[in-house]
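Number of protein chains: 2
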Amino acid sequence: MAETPQLKRKREEEEGENENGGAAAAFSLSDLRVRRVLRESARDKAMFLHAEKIGLSGEGTDAVVILEKTPFQEEKIPDLLKKAMKAELQMQNDIYCTFYLSPPPELSEIKATVVYPATEKHIQKYLRHEVHLIRETWEDYQNITLPFIQSQSFSIQWVYNILEKKAETERIVHENPDPSNGFVLVPDLKWNQNQLDDLYLVAVVHRREIKSLRDLTAEHLPLLRNVLQEGKEAIAKRFGVPGSQLRIYLHYQPSYYHLHVHFTAVGHDAPGSSVERAHLLADVIDNLAVDSTFYQKRALTFPLRADEPLFKKFQEAGKV
Amino acid sequence: MAETPQLKRKREEEEGENENGGAAAAFSLSDLRVRRVLRESARDKAMFLHAEKIGLSGEGTDAVVILEKTPFQEEKIPDLLKKAMKAELQMQNDIYCTFYLSPPPELSEIKATVVYPATEKHIQKYLRHEVHLIRETWEDYQNITLPFIQSQSFSIQWVYNILEKKAETERIVHENPDPSNGFVLVPDLKWNQNQLDDLYLVAVVHRREIKSLRDLTAEHLPLLRNVLQEGKEAIAKRFGVPGSQLRIYLHYQPSYYHLHVHFTAVGHDAPGSSVERAHLLADVIDNLAVDSTFYQKRALTFPLRADEPLFKKFQEAGKV
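Protein sequences, first through last, are from chains F and W. Under UniProt numbering, read the first sequence as residues 1 to 320, first letter to last. Under UniProt numbering, read the second sequence as residues 1 to 320, first letter to last.
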């Protein structure tokens, strides 16, 4: 399919594409040699490959190939049950049994996306970086994590721009302007607001000295209760989604060190909503109400990619 | 295709079949008639069907059939790129292009899980419904949830079959046979063991009276610590995955009321690993070490589908 000049221009502006032709003409997958697996997703049934296309003189040119099995189509199911071959019985226990079926080619489909020629940047983009869980004690926080955070110069000017109404003003869904116990609620950039299915908002607090969960004490309970209560009410009013259908949580580690709370649709498997990174605001409030120093005592688990600088700090300290 | 008598006999010898019939005998998928789609997941490439098996006299018996495409296997990829047919070019834009491939049957696989005979409860379990979060206090547990659990007769014969070595014996990865503090570690049925990417095992404890998180006290710390420590070691030894790459957690509500712990690869977005349902075992242990009655005091959040009977109980009590 030929691209339109408009589309081409837009992509060049956005990504700065190369000028040299692209996937072009008669491209055959059998010309590709697989070099390695960059990443795979068993859940999505997808695989990301670094491949190369071998030219006439034997030289290879890098490509990224993404293979993904396609979803089932309802109308083909009866045919599939009839025509699938080699239904091996794998397991049988009580009323449950498991088979493996081999469907005929016409009932099986794989989507292949090819990036060719691919640059090193494309390859890095799809490469899996190994993830480890860190179990951080309060001492680890003080000795490893806190000095690391303080040594970094994360710019959070964009957060201050929102709080000071210098940006995204028209996007604000709710504000409590109190400097100690107030916050601003805005749609997250990951949500395009076209459907409620993947609803995603963020409450950013006005106070600037709370870096993360680790800084919270009972002193912050009024603020946290405001976020929970007013956040739910504002979302019910604006979007019609009741509080019982919202997952309301903090991240640890957060992606920026200014306290903020995530509101996502409970039916949406939002990235970062897994138990190893998310902390329900209701639990945080209960923990602080019972023990004001809960988060200055307890061990917290969080994920780190093996290539992240903080991971290396934990490794150097012999904690991984 | 019907299973071979050899395969059937082999499984009987290895696993010891259950006594009460179950899926049993020569079960053929082509005997199934699809009644309707209960749910589908485009992301997971899965489809949940309400089907019926037609008997000799023409009468139908309900079954649930779950079809799911299987993840790619790295070693088969070169073959796949060579042998896949009808690589239709779908889209081409600059360096990006998309094809649809039809792989030969030997390179294509679908996992079919059959629940047969299926009750109305099984069918409802797989039907798609609206989800709400419940914030259950200890009083709610005593007044609403516990009486509900006790009024139900969930059969967990399959759990006892595993513990008593009547089924899945050859699948056991590790066992600590102690009746109070021991457990059995087996691969979860969701994991086909072909790749480590979506590694998923379950530790089932030998003690039979612990229904869920709500029953845990400091008395269970030795058991929980055994599960955490030995589970990690056994998985590292058998599969080469270190403990830091495992997400180890309990569900609340669990899908069956016999204590079990989930072990999933941290890189795998396993269903049920979200913060509203999963509780890290390390956190559970720390909570109980600080306060033996933590889970008999604190509010717990969990998701319920609007059609579930327990949801109606909470609704009737004015708690949703």
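Calculated from the structure, these hints are not laboratory results. Watch out, some of these pointers could steer you wrong.
No distinction is drawn between identical chains; accordingly, a pair holds when it is met within one copy or between any pair of copies.
[Claimed, not checked] Below are the DSS-like pairs computed for lysine-lysine, each with C-alpha atoms no more than 25 Å apart in a straight line:
#1 297 <-> 237
#2 76 <-> 53
#3 319 <-> 232
#4 125 <-> 76
#5 53 <-> 125
#6 83 <-> 297
#7 125 <-> 83
#8 319 <-> 82
Point to revise | Structure versus earlier hints, numbers of those that do not hold, lowest first | key: Of the numbered hints given earlier, those the structure breaks are 1, 6, 7, 8, listed in rising order.
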